[in-house]
Amino acid sequence: MSGVRQTVRYTEYHPRWYRTRVSTWWWLSRWPYLKFILREISSVFVAWFVVVLLLQIRALSRGPQAYAAFEHWLQIPVIVLLNLTAMFFVTFHAVTWFNLTPRAMVVRFGGKRVPDGLIVGTNYAAWAAVSVVLAWFLLRS
Amino acid sequence: MAETISVEVARYSPERDTEPSSQRYDVPLHKDWVVLDALNYIKDKMDGSLTFRWSCRMGICGSCGMMVNGEPKLTCATFLSDYAGDGSPVRVQPLRYFPVIRDLVVEITDFMNKLQSVKPWLIRGDEKAVSEGEYLQTPEQLDRYKQFSMCINCLLCYAACPVYGLDPVFIGPAAIALAQRYNMDSRDEGAGERMDVLAQHEGIWGCTFVGECTKVCPKHVDPAGAIQQYKLTATIERFKSFLMPWAAGNSEMESAK
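Going down the list, the sequences are from chains A and B.
The working numbering numbers the first residue of the first sequence as 1 and each following residue consecutively.
The working numbering numbers the first residue of the second sequence as 1 and each following residue consecutively.
It is worth saying that the hints were derived from the structure and are not from the lab.
One or more hints might be untrue.
List of simulated lysine-lysine pairs, BS3-like, C-alpha gap at most 30 Å [as the list claims (entries may be wrong)]:
| # | chain 1 | residue 1 | chain 2 | residue 2 |
| --- | --- | --- | --- | --- |
| 1 | B | Lys119 | B | Lys231 |
| 2 | B | Lys240 | A | Lys112 |
| 3 | B | Lys231 | A | Lys35 |
| 4 | B | Lys31 | B | Lys43 |
| 5 | B | Lys146 | B | Lys231 |
| 6 | A | Lys112 | B | Lys215 |
| 7 | B | Lys219 | A | Lys35 |
| 8 | B | Lys219 | B | Lys146 |
| 9 | B | Lys240 | B | Lys215 |
| 10 | B | Lys146 | B | Lys128 |
| 11 | A | Lys35 | B | Lys215 |
| 12 | B | Lys43 | A | Lys112 |
| 13 | B | Lys31 | A | Lys112 |
| 14 | B | Lys119 | A | Lys112 |
| 15 | A | Lys112 | B | Lys219 |
Note that the structure is predicted; figures quoted are calculated from it, not measured.
Using the sequences and the hints given, assemble the complete structure.
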């Protein structure tokens with residue numbers, strides 16, 4: 001990309017004007033802003049679950065003793081609380097992003113734009129299908 | 001005497017004041033009156049010094065955008081009766097995030113420059129001679145950009161966008177939606193030129209998808225959608241230019257039409 005940098009330019013001739021500074025706490029002023037910030041923060045918890053998964057794989061590769069220690073670690077109340085919080089935020093992450101999908105994704109079929117509800121619905125259906133398959137794997141024994 | 005409603009209007013005189021104050025007026029509350037009617041009543045009958053922009057009073061000129069009780073609104077389409085009842089005054093303030101020139105009038109040159117920077121007009125590689133006739137377009141091709149063409153430049157989306165408030169170099173929702181309006185037009189060949197401006201940090205990548213611009217848009221333009229869709233296009237183009245440098249250009253944009 002060539003560097004066509006944007007700058008803020010106002011009219012050269014102007015009287016004195018008034019500008020307000022945006023408060024550091026702008027995101028607390030309205031619920032949609034707070035929801036946005038929570039959605040952004042949720043990615044930290046997504047990363048946390050990735051770390052847990054990596055630790056689990058490492059424990060698994062080190063044998064039964066290491067895996068038992070890992071399971072014991074998972075039962076520490078602080079870790080349980082952290083994982084429950086992470087579960088809440090990961091669900092929030094998935095739901096909010098699924099609901100935003102139709103804004104970014106324009107699918108045309110037979111010359112017409114596929115309705116938003118169908119795009120969101122397909123996402124949820126895929127989520128449910130993957131969950132069912134995983135549940136079958138985990139619970140079949 | 002008819003029922004009245006209190007309107008609390010932001011006042012700022014650059015000659016006198018160091019910061020805005022608010023002034024309260026009691027205006028008649030008619031069922032069919034909008035906030036703009038109240039402002040015009042104040043200016044005509046109560047205080048001729050009140051300054052604000054308006055023109056068409058029917059939601060098409062885009063000049064009467066203001067903050068009403070903290071929300072960006074077209075004052076010609078915001079009914080006073082929706083705010084009556086709880087006894088608290090209707091707060092009318094200038095559009096957020098813009099410098100205030102006087103009372104309810106904001107300085108918008110920054111937006112005008114940004115709008116121009118995305119070249120919101122049809123760009124052709126080679127112009128057809130007039131004798132060859134019009135550039136034809138099917139209803140389906142029209143449908144691809146029509147939503148974005150409804151923008152009236154009222155700037156409510158900028159007043160809803162915290163990114164623009166925190167970092168005013170951001171090109172902003174309306175300008176990007178209007179760039180997309182021409183990018184998606186089958187008659188246009190300027191997508192590559194616009195990409196230089198759009199696909200940079202101050203362009204689409206500044207957007208964090210708060211999504212409020214779409215919610216406040218009085219014409220249902222969906223600028224947040226336009227920006228996210230363009231992020232996808234820009235990413236595909238970037239990968240293509242890595243993988244197939246010889247095919248770089250606006251092939252992706254053209255195939256989308």
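Is the straight-line distance between the alpha-carbon of lysine 219 of chain B and that of lysine 146 of chain B 30 Å or less?
11 Å, holds
Please work out if lysine 119 of chain B and lysine 231 of chain B have their alpha carbons no farther apart than 30 Å.
Satisfied, since the Cα-Cα distance of roughly 18 Å is no more than 30 Å.
Going straight from one Cα to the other, do lysine 119 of chain B and lysine 112 of chain A come out at no more than 30 Å?
28 Å, holds
Given pair status - lysine 231 of chain B, lysine 146 of chain B, alpha carbons within 30 Å:
20 Å, holds
Lysine 240 of chain B and lysine 112 of chain A: Cα distance at most 30 Å?
27 Å, holds
Going straight from one Cα to the other, do lysine 31 of chain B and lysine 43 of chain B come out at no more than 30 Å?
The hint holds at about 20 Å.
For a C-alpha distance cap of 30 Å, please report whether lysine 31 of chain B and lysine 112 of chain A respect it.
40 Å, violated
Are lysine 240 of chain B and lysine 215 of chain B close enough, with their CA atoms no more than 30 Å apart?
34 Å, violated
Holds or violated: lysine 43 of chain B and lysine 112 of chain A, Cα atoms, limit 30 Å.
48 Å, violated
30 Å limit on alpha-carbon distance, applied to hinted pair lysine 219 of chain B and lysine 35 of chain A:
24 Å, holds
Need the status of pair lysine 231 of chain B, lysine 35 of chain A: alpha-carbon distance at most 30 Å?
22 Å, holds
Hint consistency between lysine 112 of chain A and lysine 219 of chain B [alpha-carbon to alpha-carbon, up to 30 Å]:
It holds: about 21 Å lies between the C-alpha atoms, which stays within 30 Å.
Hint check: violations occur at hints 9, 12, 13; the rest are consistent with the structure.
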